[in-house]
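Same order as they appear, the protein sequences are chains A and B.
The working numbering puts the first residue of the first sequence at 1145, with every later residue one more than the last.
The working numbering puts the first residue of the second sequence at 1145, with every later residue one more than the last.
Wrong hints could be hidden among the right ones.
The list makes no distinction among identical chains, and a pair is therefore deemed to hold if it is satisfied within one copy or across any two copies.
Mimicking DSBU-like on lysine-lysine, the simulated pairs with C-alpha atoms at most 30 Å apart in a straight line are [as the list claims (entries may be wrong)]:
#1 K1187 <-> K1265
#2 K1187 <-> K1309
#3 K1311 <-> K1164
#4 K1187 <-> K1311
#5 K1164 <-> K1309
Hints are computed from structural coordinates only; laboratory data are not their basis.
Chain residues, written in single-letter form:
2 protein chains.
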Amino acid sequence: MADDAYDIRPGEEAVQLPAKTDAGLYFIGRIHTPWTRREDCPKNARESDAVCTIEVDARWAPALKDVETCTHLVVLYWMDRARRDLALQVPRHYGEQRGTFALRSPARPNPIAMSVVRLLKVEGATLSVVGIDCLDGTPLLDIKPYFASTDAVPEAVTGWHAETKAKQE
Amino acid sequence: MADDAYDIRPGEEAVQLPAKTDAGLYFIGRIHTPWTRREDCPKNARESDAVCTIEVDARWAPALKDVETCTHLVVLYWMDRARRDLALQVPRHYGEQRGTFALRSPARPNPIAMSVVRLLKVEGATLSVVGIDCLDGTPLLDIKPYFASTDAVPEAVTGWHAETKAKQE
């Protein structure tokens, strides 16, 4: 890849990707955010109160029926600039080697990002939301209602991260 | 589709799918559950305490480093038998027409399911988890650490669902 930001760092490990993919995705819209450069994106979605907009393609607009009754949504989107071959990564802001599946980094075999967003309003096929951290123009894959009963686990702990934070304090 | 269970019901609306897909997915493992028929699957993942296993392909096993420090994970998987063209659906157990993006139904343009699971153990490239509701053999797409700080919203409400439940009580 041409962009230095996407080069491999010491301690990172890439695998050989399969020769072909197994299933296909449709881009069903675009996400508009204030961020046009990777380094400007918030490190995580709760870092910013920026209102972002999700433009759903006309074809899928009828599928938005009843979405306005949700306070929160799960949004899946495609991190189309991310490497897909990293098994071990050294995130710049932590500096330690971690497995890809223990990280929320966009670099992963299937670079599908998941954000829980707060829904502000629905106007036609445009949703205004808070809680997205991606580049402007990112392809949309899915919108789901957030169910606190199955999706909210306030007591969950990501051990390596809790330890890192404790060391920093 | 041959299977009656996947036929369209009165009140449902299908759209014309695009001629081609926009991106490709790799299946990176398989999920093993006790359910081999669609009608046996729990309606949602919290309905069952069944221990399911996630088998990650050998190629991606190194990416599991540090995952054992997580109490909960976000698991993305591919509902490979679902219709992809439904914009409006009438779920059998609710009986009312809803937009696809207001439902967690597997039928959606990109049938990517998202479950928050409790991690019991990691042995080699096999994870034992509680909280999955899919058919045995379902293709795995991604594993992410669950961060309560960004992913847990206990106060979230899905209005149409809360109303339906209130009517039933």
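Next on the checklist: Checking each numbered hint in turn, tell me which of them this model violates, lowest number first.
Outcome noted: 3 and 5
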